[in-house]
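Start from the sequences and build out the full structure, keeping to the hints where you can.
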Amino acid sequence: MDITGRLQEQVQDAYAAQRPLRIRAGTTKSFYGRPVDADAELDLREHSGIVDYQPAELYVTVRAGTRLRELQETLAGQGQTLAFEPPCHGEDSTIGGVVACGFSGPARPYAGSARDHLLGVRILDGRGQDLRFGGHVMKNVAGYDLSRLMVGAQGSLGVLLELSLKVLPLPARHMTFVQERQMAAAIKEMQRWEAQPIPLSASAWMDGQLYLRFSGAESALAGLRACVGGDLLLPAEATQFWAQLRDQQLPFFAPGSALWRLALPTGTPPVLMELPQLLEWGGSIRWLRGDASAEEIRAQTASRNGYAIQYRGAPNPHPLPPLSEPLRILHGRVKDAMDPRHILNPGRLYADL
Amino acid sequence: MEEATHTPAEQDFLRALAAALPAERVRSGRESLQPYECDGLSVLRELPLCVVLPQDREEVQTLLRLCRQYQIPVVPRGAGTGLSGGARPVAGAVLLSLARMNRILDIDLENRTARVQPGVRNLAISEAVRPFGFYYAPDPSSQIACSIGGNVAENSGGVHCLKYGLTVHNVLALEVLTADGEVLHLGGLTPDVPGYDLLALFIGSEGLLGIVVEVTVRLLPVPENTVVLLAAFAELSLAADAVSAIIAAGIIPAGLEMMDRLAIQAAEDFVHAGYPRDAAAILLCELDGSAEELVERVALVEEILRRQGADSIRVARDPDTRALLWKGRKAAFPAVGRMAPDYYCMDGTIPRGRLAEVLEQIARWSEEIGLAVANVFHAGDGNLHPLILYDANAAGQIAAAESFGQRILALCVEVGGSITGEHGVGVEKLDSMCVQFSAAELETMHRIKGAFDPEGRLNPGKAIPTLHRCAELGAMHVHGGVLPFPELERF
Numbered sequence: 001m002d003i004t005g006r007l008q009e010q011v012q013d014a015y016a017a018q019r020p021l022r023i024r025a026g027t028t029k030s031f032y033g034r035p036v037d038a039d040a041e042l043d044l045r046e047h048s049g050i051v052d053y054q055p056a057e058l059y060v061t062v063r064a065g066t067r068l069r070e071l072q073e074t075l076a077g078q079g080q081t082l083a084f085e086p087p088c089h090g091e092d093s094t095i096g097g098v099v100a101c102g103f104s105g106p107a108r109p110y111a112g113s114a115r116d117h118l119l120g121v122r123i124l125d126g127r128g129q130d131l132r133f134g135g136h137v138m139k140n141v142a143g144y145d146l147s148r149l150m151v152g153a154q155g156s157l158g159v160l161l162e163l164s165l166k167v168l169p170l171p172a173r174h175m176t177f178v179q180e181r182q183m184a185a186a187i188k189e190m191q192r193w194e195a196q197p198i199p200l201s202a203s204a205w206m207d208g209q210l211y212l213r214f215s216g217a218e219s220a221l222a223g224l225r226a227c228v229g230g231d232l233l234l235p236a237e238a239t240q241f242w243a244q245l246r247d248q249q250l251p252f253f254a255p256g257s258a259l260w261r262l263a264l265p266t267g268t269p270p271v272l273m274e275l276p277q278l279l280e281w282g283g284s285i286r287w288l289r290g291d292a293s294a295e296e297i298r299a300q301t302a303s304r305n306g307y308a309i310q311y312r313g314a315p316n317p318h319p320l321p322p323l324s325e326p327l328r329i330l331h332g333r334v335k336d337a338m339d340p341r342h343i344l345n346p347g348r349l350y351a352d353l
Numbered sequence: 001m002e003e004a005t006h007t008p009a010e011q012d013f014l015r016a017l018a019a020a021l022p023a024e025r026v027r028s029g030r031e032s033l034q035p036y037e038c039d040g041l042s043v044l045r046e047l048p049l050c051v052v053l054p055q056d057r058e059e060v061q062t063l064l065r066l067c068r069q070y071q072i073p074v075v076p077r078g079a080g081t082g083l084s085g086g087a088r089p090v091a092g093a094v095l096l097s098l099a100r101m102n103r104i105l106d107i108d109l110e111n112r113t114a115r116v117q118p119g120v121r122n123l124a125i126s127e128a129v130r131p132f133g134f135y136y137a138p139d140p141s142s143q144i145a146c147s148i149g150g151n152v153a154e155n156s157g158g159v160h161c162l163k164y165g166l167t168v169h170n171v172l173a174l175e176v177l178t179a180d181g182e183v184l185h186l187g188g189l190t191p192d193v194p195g196y197d198l199l200a201l202f203i204g205s206e207g208l209l210g211i212v213v214e215v216t217v218r219l220l221p222v223p224e225n226t227v228v229l230l231a232a233f234a235e236l237s238l239a240a241d242a243v244s245a246i247i248a249a250g251i252i253p254a255g256l257e258m259m260d261r262l263a264i265q266a267a268e269d270f271v272h273a274g275y276p277r278d279a280a281a282i283l284l285c286e287l288d289g290s291a292e293e294l295v296e297r298v299a300l301v302e303e304i305l306r307r308q309g310a311d312s313i314r315v316a317r318d319p320d321t322r323a324l325l326w327k328g329r330k331a332a333f334p335a336v337g338r339m340a341p342d343y344y345c346m347d348g349t350i351p352r353g354r355l356a357e358v359l360e361q362i363a364r365w366s367e368e369i370g371l372a373v374a375n376v377f378h379a380g381d382g383n384l385h386p387l388i389l390y391d392a393n394a395a396g397q398i399a400a401a402e403s404f405g406q407r408i409l410a411l412c413v414e415v416g417g418s419i420t421g422e423h424g425v426g427v428e429k430l431d432s433m434c435v436q437f438s439a440a441e442l443e444t445m446h447r448i449k450g451a452f453d454p455e456g457r458l459n460p461g462k463a464i465p466t467l468h469r470c471a472e473l474g475a476m477h478v479h480g481g482v483l484p485f486p487e488l489e490r491f
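Chains as they are written, first to last, in the numbering used here: chain A, 1 to 353; chain B, 1 to 491.
You may find that some hints are simply not true.
As the list claims (entries may be wrong) - Derived, one-sided and incomplete: chain A residues facing chain B with beta-carbon distance under 7 Å:
id : residue
1  : G152
2  : S303
3  : G306
Stated by the list, open to error - A few chain A residues that don't get close to chain B, going by computed Cβ distances all over 10 Å:
id : residue
4  : D125
5  : H174
6  : M175
7  : E180
8  : E194
9  : G229
10 : D231
11 : L233
12 : S284
13 : A299
14 : Q300
15 : R341
If you are wondering where the hints come from, they were derived from the structure by calculation, not from laboratory data.
From the three backbone atoms N, C-alpha and C, an ideal C-beta is built for every residue, glycine too.
The following block contains the structure:
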């Protein structure tokens, strides 16, 4: 159902009254980011449905409140998929939520991120204006790329109404190999495979085991068994493992102590070895459990040109690392340009945005 | 030096500049400015106040601070190969050439990245990492000359972006200077850097938001094997439909290019690539992957091409034959350039499924207007490059070519596409921007510009038209409607 009119009215009223709005749909990702300082809600759940799907043109235009599962079923029906493997944090997860948070799944280092697959958006800005940026063609350099700017902005620059996303053919087959490796060796091994022109589509390390997934046509995977080595997982097991990793359903992610997401240049040797870790994305993402101090974790990652996010668990008023001063000022100006009265999800991303 | 024509403020600025930078970094005086009076869109010319060629970030900073102090605008320029006038000088503004900042600073094989200065040529990156088995994917036709800084400004594509993406998908980090000379680091070596995706916003911003002083690109392993297929068709529409059929079959070729009769003949006369001269259109389809995979894919694509009515299919497997087949395509623009005194290169994108009808409409208009059009383009991603042939010395032909071009771009928007796929807006397509975007959308873009460059000193008057200009043109933003195509006073 298209409820643009109603949503626009609400945003315009909120703009007039300077009353902040908390944008919501499935609320499956409310653990992520800072709490929004707003009494009123802007509910996107009813704003759902596929607006336009052209399999041969490799794009889908979908309303932001559409459930991820529903969208994926429609695409799979045509043998297609969102190649960035969007994580599904629950039945009610919506495509708008995934894009707003900028979440991507295990294929991200090899197939690109949510932002890489976004072609265009329709949004309501903080004045309640109905705006379109980008489009649904693959190449479009007319004007500034305000569509990709929305990815990861957590609704603070605009209310996502419609998204045009690139879709790609589902790979005919996947093969997942498991090898016994220590963390340091696993990092080197991931590096080695990433440098080869082979269809690597996911990599992860957990509990002393390295997981490598390859995807493509039957013929593209033909020679891999001989050259990769390790145990080949059964297809059902492999599918389950990657889905659970993607959706954070593995026991490693169970509620409890704080969950940190460290992003490091891929070749970085092991850090903070004393804490339980799960690696993915070729070693560029390291999930950490435990109660090390935020200062310690941030210092360790920053010194290696990385950053750390307190992803979930123990409350922290500053889950994201602070921005450099020039960037902080620029972020403020970009926010003011899009949402001058700070009514869209204020405080969710950073306290002053 | 013709100081007499400069305002007192400009003279003060030039004196301060001379004191702040080594003499050979600054050029002024008509003769030394003339090589910079236009970019690849040579029909639009203007002399800048002066040209500055810094050698490092600190010199760029020095320049930008002086420009702030004296309120002098700045137009950045890479290799000057842009086709939309994005680097055309502005009267009274400094032309900032980044061409001398052309060093590859670091190649990090472990992380498969290269850190380079903005003046490094696109192809030079691939050449530098080729011995290690890597390359930089975006390959605009001008890659032998165009600079990576210019690629960032335009979000350049190329032949292989259907599979490997545009500049925005292959640049990891930028070091940029704001209009005030402040250093910003956008993106990074780690995925999904916290905060707004200012890297994506910056790429394709045509030099309006900041000056790129360092670029970190992602390197890809060179594919194991590559095959190029050349298919000839007796009808343009058959070739166009074959493009959609290949994609619909779930195949994403590394490149999928199309040339029409006029382009084929021009290319043949020029480089003798062995294209079939009697064909109405040819498709060049490049596939890459493992040997086993390619056997299967090539057979599948051949079958599709035959089913779609291809008269002949050649398969090039060895590097020399592949290079020869690409040579005709890569030389197509200069080849067409030999057929008429002037040509005007357009750059619109459309959904692939509309290729046949849009090409047919362009052919009808070509008849009507009496200007020939050669088509050579990235069919796989629906990126058209109609080349309108004209003679600038023949009365009325410049205006006719320009208005023809605007009609084509309006048609692109009408069928759900865009007025530019990779060449940018520059000054050339300012009017067409009024067709693609609403007043509110353009106003939003001006606000974004204001966030980065409140005083509007960087590349003024480019990329985003003023609302006033759109109103004057009467070019209303209408979805799927019929639009007026006013002749322009300029050009």
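Hints, verified against the model:
Among the interface hints, the one on A:G152 holds; its C-beta lies about 6 Å from the nearest C-beta in chain B, closer than the 7 Å criterion. At about 13 Å, the closest approach between the beta carbon of A:S303 and any beta carbon in chain B exceeds 7 Å, and the interface hint on this residue is violated. Residue-level restraint check for A:G306 holds (minimum Cβ-Cβ distance to chain B is 5 Å; threshold 7 Å). With a least beta-carbon separation of about 7 Å from chain B, A:D125 fails to lie farther than 10 Å from that chain, contradicting its non-interface assignment.
Distance check for A:H174 against chain B: the nearest CB is about 15 Å away, which clears 10 Å, and the non-interface claim stands. No Cβ of chain B approaches the Cβ of A:M175 within 10 Å, the least distance being about 13 Å, so the stated non-interface status holds. A cut-off of 10 Å between C-beta atoms confirms that A:E180 is not in contact with chain B; the least separation is 23 Å. At the 10 Å boundary, the C-beta of A:E194 falls inside the reach of chain B, the nearest C-beta of that chain being 7 Å off.
Listed as outside the interface, A:G229 is consistent with that label: its C-beta sits roughly 17 Å from the nearest C-beta of chain B, beyond the 10 Å cut-off. Distance check on A:D231: its Cβ is at least 22 Å (rounded) from any Cβ of chain B, clearing the 10 Å threshold; non-interface status holds. Separation of A:L233 from chain B is adequate, the least Cβ-Cβ distance of about 21 Å exceeding the 10 Å criterion. The claim that A:S284 is not at the interface with chain B is violated, since a C-beta of that chain comes within 10 Å of its own (minimum 6 Å).
Distance check on A:A299: its Cβ is at least 16 Å (rounded) from any Cβ of chain B, clearing the 10 Å threshold; non-interface status holds. The Cβ of A:Q300 lies farther than 10 Å from every Cβ of chain B, with a closest approach of about 14 Å, so its non-interface assignment holds. Every C-beta of chain B lies more than 10 Å from that of A:R341, the closest at about 14 Å, which supports listing it as non-interface.
Checked against the numbered hints given earlier, the structure breaks hints 2, 4, 8 and 12 and satisfies all the rest.
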